[in-house]
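**Student:** So for the sequence shown, this note's numbering puts the first residue at 264; every next one is plus one.
Simulated from the structure, these hints should not be mistaken for laboratory data.
Glycine residues also receive a C-beta, built at the ideal position from the N, C-alpha and C atoms.
There may be inaccurate statements among the hints.
Quick list of simulated restraints, FRET-style, between CB atoms [to be verified]: (1) Ala305 <-> Pro362: 30 to 36 Å; (2) Glu335 <-> Glu291: 32 to 38 Å; (3) Ala305 <-> Ala361: 18 to 24 Å; (4) Leu279 <-> Thr357: 17 to 23 Å; (5) Asp334 <-> Ala294: 19 to 25 Å; (6) His346 <-> Arg268: 18 to 24 Å; (7) Ile336 <-> Met289: 31 to 37 Å; (8) Ser331 <-> Thr357: 29 to 35 Å.
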Amino acid sequence: MFPDRVTHFLWASMILASCLARSRRMQESYAVVSAAAQFASACGLRLIHGSGWAVEDDCCLDDSLLPSPKDEIEALDRIGLAHSVYITDQSVSTLAGAPATFPYNNWPSAQTQQAHPLKV
């Protein structure tokens with residue numbers, strides 16, 4: 264499996280869904296974001312909930328199609344991608360008047376603490 268290709272595909276799907284929504288093509292946007300959300304969930308991307316700090320291997324579970332992140336930055340990128348997919352799914356489904364792929368607080372998530380930005 265090539266994790267870069269998977270993440271690039273998901274980012275491209277979010278950009279495409281956003282562009283379609285901005286051009287008022289809601290059915291197409293909803294179809295793209297729904298498929299991407301289901302694919303992200305099947306790949307094992309997980310949201311991080313809670314407070315505090317814990318990232319290492321918790322953003323991708325053992326049943327994930329993606330290998331464990333190489334470092335903390337890649338783990339944070341995957342967490343950001345999962346949140347982007349979730350937020351885009353919620354926004355487009357609301358605008359389209361259709362049910363969200365994963366209703367509020369029902370996205371598969373790792374039971375960990377929230378990731379905070381890195382200190383510079």
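**Student:** Now tell me, hint by hint, if it's right for this structure.
**Tutor:** Going through the hints against the structure:
1. Ala305 <-> Pro362: 30 to 36 Å: violated (19 Å)
2. Glu335 <-> Glu291: 32 to 38 Å: holds (36 Å)
3. Ala305 <-> Ala361: 18 to 24 Å: Since the Cβ atoms of Ala305 and Ala361 sit about 20 Å apart, the hinted range of 18 to 24 Å holds.
4. Leu279 <-> Thr357: 17 to 23 Å: Since Leu279 and Thr357 have Cβ atoms about 18 Å apart, the given range 17 to 23 Å holds.
5. Asp334 <-> Ala294: 19 to 25 Å: With a Cβ separation near 35 Å, Asp334 and Ala294 fall outside 19 to 25 Å, so the hint is violated.
6. His346 <-> Arg268: 18 to 24 Å: Holds, since His346 and Arg268 (Cβ atoms, about 20 Å apart) stay within the stated range.
7. Ile336 <-> Met289: 31 to 37 Å: holds (35 Å)
8. Ser331 <-> Thr357: 29 to 35 Å: Holds, since Ser331 and Thr357 (Cβ atoms, about 34 Å apart) stay within the stated range.
The earlier numbered hints that this structure contradicts are 1, 5.
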